[in-house]
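Listed below are the residues making up each chain.
Number of protein chains: 2
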Amino acid sequence: MEIRRPVILISNDDGIQAGGILALSEVARSFGDVIVVAPDSPQSAMGHAITITKPLRLYKEKLADGSLGYACNGTPADCVKLATGVLLKRNPDLVLSGINHGTNSSASTIYSGTLSAAREGAIQGIPAIGFSLCNYSDEADMTAAKEIVRTIIATALRQKFAAGQLLNVNIPNLPLEAIKGIKTTRQAAGRWVEEFDERTDPQGRKYYWLTGKFILQDDRDDSDEAALNQGFVSVTPLTHDLTHLEMFEVVNKWEFTA
Amino acid sequence: MEIRRPVILISNDDGIQAGGILALSEVARSFGDVIVVAPDSPQSAMGHAITITKPLRLYKEKLADGSLGYACNGTPADCVKLATGVLLKRNPDLVLSGINHGTNSSASTIYSGTLSAAREGAIQGIPAIGFSLCNYSDEADMTAAKEIVRTIIATALRQKFAAGQLLNVNIPNLPLEAIKGIKTTRQAAGRWVEEFDERTDPQGRKYYWLTGKFILQDDRDDSDEAALNQGFVSVTPLTHDLTHLEMFEVVNKWEFTA
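Chains as they are written, first to last, in our numbering: chain H, 26 to 283; chain F, 26 to 283.
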């Protein structure tokens, strides 16, 4: 009896040459046949953008370990669309995104390009996981993260990880032995308070760099932020049905008149 | 006693010269003091992208009716961030986005630039509404849509429309007298099936245009799609807490081991 290895599609938002996607693809190869399709340049904070006003291109490109992947001039969500629609011409068994160089918890769940690749898989009915390491450095050490990724993939494949379901995994920036465990969490309430860095260009015109400070607005013990602050890996199951169920009941009682 | 008029921030994703934002700002002026900050070029399908790798700029620009607004070289979410952080230096009382030239129901809720501007308001704690007309034409007749917008704004301001809450309003492309009413709805389950238009450039290299066909995967009577198909305006309350609550309970029982 031949047991087919799962086909695993990998993308990210830091670009195909990032250390994180190399680490993720190395781990994923022990679970299945891997195809890497990732942006040809960094696409952080792209949210769930897709590209409809310019043509998309795919280029074969070697990752740092010599393995072959595809670079794409579009967004992370475009990469997943092109992978399933053009390259594979079928759905893979699993979509993985990351390992992101930086945290994607709380409000960053909404802005994240890493999660948009995974979410695009989930929308298409493919189980999907986004991985992020709480270290923004291009040179971040992925050693502990790789072990966590291995555990999460093994567990997800063993469980009833139904089609279209989406996990957001954040890994604290700690050595493996200092990580306290893995917790199922909720997206913490919080937001970025913008602080624009206003500058003047050589022509005397103002321009602004977007910066910001994260404000946590959540004291629940089971939030992603709480888990990370305590040294746990956070695993937040995400939905792509954005309906606000409580507010539905409220608005349903409104009388709509001018 | 002086009653302060509400400050209403308006943005969109079709760009500051679109007919839809002109219609929305005309209606909004009867409810409060309006400030328009919108992208300087179309930004459809931008999802919740924000701009962190290039400087943002704001330009004063006249709308087609001669009123003054601000054009921005960033995304819809950037426009809202710059409006509150740089121009107003405070939160407005209401954020409105649209009127989009095209539907933003079901899965399009996730890709929509229109809704990202409104969602950015909601994340910042400002009540926010995104409006979309089910007509993709640049020249769409906004007459009926304006009356619906008037009714929705009046109703929302009258009700306990708490801070940080977000409505996604879709308006069928019908004359006012043919619109059957306004329904509170849920985001329909559905997805876009991608069909890439593969072409070859003059240098002999392949490129792809992203196209797609919408597949409805929902037969509930209270979905946004059902309401629109029956000739109703759909009003879907949206959340920006993406936690999948049912899946939380499932994953919480997993034993995480390699």
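Everything labelled a hint here was simulated from the structure, so no lab data went into it. Treat each hint with caution, since some may be false.
Chain copies aren't distinguished; within one or between two, either way the pair holds.
Below, simulated SDA-like cross-link-like pairs (lysine to any residue); rule was C-alpha separation at most 20 Å, straight line [stated by the list, open to error]: (1) Lys238 <-> Ile60; (2) Lys79 <-> Arg230; (3) Lys79 <-> Trp217; (4) Lys171 <-> Glu280; (5) Lys114 <-> Pro200; (6) Lys205 <-> Ala89; (7) Lys231 <-> Thr78; (8) Lys85 <-> Gly237; (9) Lys185 <-> Arg224; (10) Lys79 <-> Ser66; (11) Lys79 <-> Asn98; (12) Lys114 <-> Gly189; (13) Lys205 <-> Met272; (14) Lys238 <-> Asn254; (15) Lys87 <-> Gly206; (16) Lys79 <-> Ile204; (17) Lys85 <-> Lys231; (18) Lys205 <-> Phe257; (19) Lys79 <-> Pro67; (20) Lys171 <-> Leu47; (21) Lys278 <-> Tyr84; (22) Lys231 <-> Thr76; (23) Lys171 <-> Phe281.
Here the structure is a predicted model, which means the values were calculated and not measured.
A quick look at each hint next to the structure:
1. In the homo-oligomer, the alpha carbons of Lys238 and Ile60 never lie at most 20 Å apart, since the shortest distance is 36 Å inside one protomer and 25 Å across protomers.
2. Taking the closest pair of Cα atoms, Lys79 and Arg230 come within 20 Å of each other only across two copies (15 Å); inside a single copy the shortest separation is 29 Å, beyond that limit.
3. Taking the shortest alpha-carbon separations for Lys79 and Trp217, only the inter-copy value of 19 Å comes in at or below 20 Å, while the best intra-copy value is 31 Å.
4. For the homomeric pair Lys171 and Glu280, the shortest alpha-carbon distance between copies (18 Å) is at most 20 Å, but the shortest distance inside one copy (54 Å) is not.
5. For the identical chains of this complex, Lys114 and Pro200 are neighbours neither inside a copy (40 Å) nor across copies (42 Å), given an alpha-carbon limit of 20 Å.
6. For the identical chains of this complex, Lys205 and Ala89 are neighbours neither inside a copy (31 Å) nor across copies (59 Å), given an alpha-carbon limit of 20 Å.
7. Taking the shortest alpha-carbon separations for Lys231 and Thr78, only the inter-copy value of 17 Å comes in at or below 20 Å, while the best intra-copy value is 28 Å.
8. Taking CA atoms no more than 20 Å apart as the test, Lys85 paired with Gly237 passes in neither setting, with 36 Å inside one copy and 25 Å between copies.
9. In this assembly of identical chains, the alpha carbons of Lys185 and Arg224 never lie at most 20 Å apart, being 52 Å within a copy and 40 Å across copies at closest.
10. In this homomeric assembly, Lys79 and Ser66 come within 20 Å of each other (Cα to Cα) both inside a single copy, at 16 Å, and across copies, at 14 Å.
11. For the homomeric pair Lys79 and Asn98, the shortest alpha-carbon distances inside one copy (10 Å) and between copies (17 Å) are both at most 20 Å.
12. In this homomeric assembly, Lys114 and Gly189 come within 20 Å of each other (Cα to Cα) only inside a single copy, at 18 Å, whereas the closest approach across copies is 41 Å.
13. In this assembly of identical chains, the alpha carbons of Lys205 and Met272 never lie at most 20 Å apart, being 37 Å within a copy and 23 Å across copies at closest.
14. When the C-alpha separation of Lys238 and Asn254 is checked against a cutoff of 20 Å, the pair qualifies only within one copy, where the shortest distance is 17 Å, while the shortest distance between copies is 43 Å.
15. Proximity of Lys87 and Gly206 under a CA criterion of 20 Å is satisfied in neither setting, with 34 Å inside one chain copy and 56 Å between copies.
16. Taking CA atoms no more than 20 Å apart as the test, Lys79 paired with Ile204 passes in neither setting, with 44 Å inside one copy and 36 Å between copies.
17. Taking the shortest alpha-carbon separations for Lys85 and Lys231, only the inter-copy value of 12 Å comes in at or below 20 Å, while the best intra-copy value is 40 Å.
18. When the C-alpha separation of Lys205 and Phe257 is checked against a cutoff of 20 Å, the pair qualifies only within one copy, where the shortest distance is 5 Å, while the shortest distance between copies is 52 Å.
19. Taking the closest pair of Cα atoms, Lys79 and Pro67 come within 20 Å of each other both inside a single copy (18 Å) and across two copies (12 Å).
20. In this assembly of identical chains, the alpha carbons of Lys171 and Leu47 lie at most 20 Å apart only when taken from the same copy (10 Å versus 52 Å across copies).
21. Within a single copy, Lys278 and Tyr84 get their C-alpha atoms no closer than 53 Å, and across copies no closer than 42 Å, so neither meets the 20 Å cut-off.
22. In the homo-oligomer, the alpha carbons of Lys231 and Thr76 lie at most 20 Å apart only across protomers (16 Å), although the nearest pairing inside one protomer, at 29 Å, exceeds that limit.
23. Proximity of Lys171 and Phe281 under a CA criterion of 20 Å is satisfied inter-copy only: 14 Å between copies versus 53 Å inside one chain copy.
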